[in-house]
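Residue numbers (this note's numbering), protein chains in the order written: chain A, 1 to 142; chain B, 1001 to 1572.
Please note: incorrect hints may appear among the correct ones.
Examples of chain A residues toward chain B, derived with CB under 10 angstroms [stated by the list, open to error]:
#, residue
1, D13
2, R18
3, V22
4, G26
5, R28
6, L29
7, V30
8, T39
9, E40
Everything labelled a hint here was simulated from the structure, so no lab data went into it. Idealized CB from N, CA, C, for every residue including glycine.
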Amino acid sequence: MEPNDPEWRKSTDAIFARAAFVRELGIRLVDLGPGWVETELLVEPRHMQQDGVVHAGVQATLADHSAGAAAGTLAPEGHATLSVEFKIQLLRPALGERLRCRAEVLRPGRTLVATEAWVWAVSGAQEKLVSKLSATMTYAKP
Amino acid sequence: MSAPESSFAKALFFGVVAEELIYPYPRIADEALGATHELVTRVRRFTEAELDSAAVDREARLGPGTLARMRELGLFGLSVPQKLGGSGLSRMAAARVLSELSAADASLGLVAVAHGSIGLSALLSFGSEAQKQRWVPSLSRGEQLSAFALTEEASGTDAGTTRTSAQRTGDGWLLNGVKPWVTNGENADLFVVFARTSRLDEGQKPRLTPFLVELGPGVTVGPRRETLGLRGAGITQVSFRDVRLPADAALGDVGRGFRVAMEVMADARVALSAWLFGQLRALVGWTVNRVQRRHSFGRAIGEFPVLKNKIAKMLADAYAVESMTFLTAGLVDRGVDDTSLESSLTRVAASEALWRAANEAMQIAGGSGYGTSLPLERRLRDARGGLVVDGTNETLRCFIALSGLRGPGERMGGVERAMVEPVKGFGLLRDFALRKVREAIRRERMEHAHPLLSRETVLFEESTEALRRAAERSLRDHGREIAEMQQTLVRIANVVIDLYALSACIARASAAIEQRGESGARREIDLTTMFASAARGRMHANLGRLEHGDDALRKSIASRAYTDGGYPFDVI
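If we strip away everything but chain B, and leave its shape as in the complex, we get (with noise of 0.2 angstroms):
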């Protein structure tokens, strides 16, 4: 099969249901199930007889023998070849490993995606062959460890106001500069560290390099950052003074450091949707366990309907997550080339819907879930970072926006300079223009969704067709300002993570459908019906906003709190 081009999320900002990249939808292969599945078992079996997750939270940092123990089990490889030293499992199964792990504990599996999944996958994306051969098969096997120093004191996202500079000596660099916030930098051997390698200017976007640094002379790692939660993550600062590095330290192209660091991200982002996925599993399962176990008035308090209304919020959203995370995952092992749009938007709604489980439970635990006896408020911590881990969800909201909306905004011309960079891969996205404007106004079907499911896929082609709309609109009203409309750029992210979701799930419970029949996928089919339901509202609400909102009084109403210092009364 050749490798299918361009991005399903992207398409849908035409109006485009390009379903050949959904359907089937993707699974381990039947040859790979087996080993998958064992994988899981050992690590299964290693976080319930060895790992202390409340003492790792405790003492902020994993116990003796951890990393040794996934060394072993040879998660820091999971998806780099075997021929270099790893696990060579495809990117579903990598994800359903990591979803296992973290599970189990959010830090240790922060810990192997901010190796596997950043620090040695940007070696591996980037990197020369001496590069590659020089590191990966020590990497791989987690002999060394590797940590992503992009973000500095003064902002996480913006790349831009980087101060870590990289200068050009005779025979190299001269690295210079502090990252405070690098997570796994605590067990690191290698940094990838990103530094501007040109000079300081004001209002001067630098060009950034990233440099494969090892521990050594003038490399400090410490003092390590109190964190709410993600406490055995080894989230350091890490410090470079005067570190001298060989010509052959920088990856990729000198200069192009942005480049590498969102597509590093947003490739990154699978696995960490896994990682949020694995948390969300694992809180749906304790919960489920306890409102039976718990009795009230009489009878179990899952018995009563408002439990059992939050329970089924808590399964709707975890199928929606693991739909798009796996989807997302087949993409990439099918070879699509432009996954950024699908796993970023996966990323912010697993993060959400892990941090609504984690106040679920909690609540739903009562007055002893805010206790420490129960897991709930370490889990309800860690879950936290989901948040910003990688950059906020606002952030990720206006890129996913910026994006998608790239492709028409070219088509429409004269707004390209207002769309965020680096975004690639619009080739046949131009095909689905002209594919669009050929077909007219005729709303694309979704033909490979199963007629069981029939409500939920018209709902899916309505709402593709109003997002398309919406997007010609904005652009045609906003032009190239579209970016500064940002509270329209999120409530588009929304309505695009909603339909990717959708898209997720019906592709997902169609194939359920016809492996085991209409009453062998009645869960699927239920848990897409309830998922619809609510997308249906919240899509609704939200392109029906995009036009009337009250963004100008808001604006306003903040400005005047800017003012005022805080909020301006008081009742004497």
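The shape of chain A in the complex, shown without the other chains (with noise of 0.2 angstroms):
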């Protein structure tokens, strides 16, 4: 897949800088390349449920923005990424030091992409798949 915009890198940068919601939460932007990113978020007892496992709003919003960002890796020069659907599946409780989240676009389409992001929980050296994504972005003109 090949970025369509010279400034590729900067812009999916400014999309996890920008979003206030996102740098709330701790969600951080580690890798990236052309159709993929990796991201984490360190976590906190803010992030958890009543039982004690990370809050699936947490998981859902480090897949889906992270989604997203893989989708704006291609995204033409001057266009936003929006979420136009997604799905999630929480596989088993989330319970871990941090979540680890690649996203990858599967197809990159001109008006729709098709995108999916998995989530890891992660202590120590474990690493176990927590919730797995699948959403449909666009590329619009802000």
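Since each chain sits alone in its own frame, please combine them into the complex, following the hints.
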């Protein structure tokens, strides 16, 4: 997959840096390439639901925003990337000191982009897949 | 603000990100900016109008009147308080001025450092009130100059082999010995001379004491040392023959000179880094100018991608070195009590960045760079001195790693004695250690970094955690033998150097983004990104080889070469 914006790395950095809610949660971009990103979240008490596991909403935000950023790496210059729909499977309770997410573009369409994202919970050297998201993104001129 | 204790770099060995020490990235105080700028401008006018750097090199001496002009400009007591006769600059401001002087001529810069940041600085840190009153005003004004006489023929760094001796007489001391490498020795009126004040016993470490020795009977300056570069820095032998010294000539406590030498040199490395950075900046400027003027195949050579890559590397190196240098100077200004590690690793990084730049600049100039009509061969010769000036980079790397490992080593117990001394200020580190234990295996965050630099920040955090694990593993595997595992120490030092550089770039670029916004700070962001991506590869390689190196193979190859007496093959 080829980026369509010469400044695609900077644009993708900004997708994270400018999203106040995402920053507020502590989600950060770790690495990226054309059509993919890796992100992470260091788990804190404020991310938990009532039973002491990471809230599904946090996981959904992490996965969705990362999937959007993966699509964003291929966005045409001057276009924003928006989620159209997504589905998330919560596979097991998210327990760990950090969540790692990888999101990839499955098929880069001109208007609709099929993406997937995986979220792992990391404890020490152990990683467990805790959720998986499928999402459709679109590009729009702001 | 109360003085924060301990060291950012030492905390990294615990996996602790003591970001309160480096944020906000320090800046020269607003009220001092004007005066600093003015002094920098005056230094530039002086060097541009009056200084013939090629002649300094060719004739191996400063031109007539040069020292007097430096004196007028107040370059000999830059960070000495005004009431003591100095210019009263902060360490950051002083570093900026030194870098300007050094950009014009490395010898001049080194003379200023050898006097102000080493000789005079030793007196300021360790002198008695009487000694200070007697010497500091005239030294700060540059009416008299000082030099540090530590190194001996037998060894540069191993102070244990010092043969120069001071024997007690009825009312003072009798000093005898030879110091073959005294920088600024030709210009100096006052020498800080390290002598053993204990008997010369085989295998016994001597007790060292520094003495304040004036030019006078028994003190012989010369012969001058012919050197590759830095030829105007007055590097000379100084001999002392039956020099009678009063009882109060000793600097600091008798027998505690090793500590004085270590602390003065660690502190001087801030100024040495500024000295190196000045030279680096000058080379970058020269090269950027050159590639735009030289044409080949119908376009400026600077348009070729291979050359653009070289220029970008020089800029990223320069940005990292400048960020480290001024961060470290800022730590001193903030009153952080232990910056020995930060200053040492900045000096290593600065000297190597300068050497790479000098080498690349010469390469970019092609064949003509090798000739003497361009200033590059002179700058390259000067730059080479930076790798050995106050100890070799290999020695410094071992010092960096052992100093840093000492904290975790004490926690693990049983290896303290393997660590080199003297390293102070572990009080807070124990707290860091506890904090780390409390937070178990969780990675520490650098919260103050700007979100636009999140990839670089995560790299820094992950690598800090990897350093902690590497430090623990090395200490566990080697125990007190760690001091002998020099290749491991070098790799650990390399990682810490990259981590400190990266944190300095991130902190500085974050401040730039906050002040000027994303587009205003574009250059800083890009240079930080570029530096981080190079550092990622280096850190990965260093941490990966910590365990799987072929060190044993290399050792045996070298040992066989010693037996063979050189290269053992010949095709005939």
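Status of each hint after checking the structure:
1. D13: holds, 5 angstroms
2. R18: OK, holds: R18(A) within 10 angstroms of chain B, min 8 angstroms.
3. V22: This interface hint holds because 9 angstroms falls under the 10 angstroms limit.
4. G26: G26(A) check passes; min Cβ-Cβ to chain B is 8 angstroms, inside 10 angstroms.
5. R28: R28(A) check passes; min Cβ-Cβ to chain B is 4 angstroms, inside 10 angstroms.
6. L29: Result: holds, 5 angstroms to nearest chain B Cβ.
7. V30: For V30(A), the interface hint holds, since the closest Cβ of chain B sits about 5 angstroms away, which is under 10 angstroms.
8. T39: Holds, because the Cβ-Cβ distance from T39(A) to chain B comes to roughly 9 angstroms (cut-off 10 angstroms).
9. E40: Given a least distance of 7 angstroms, the restraint on E40(A) holds.
Every hint, counting from the list given before, is met by this structure.
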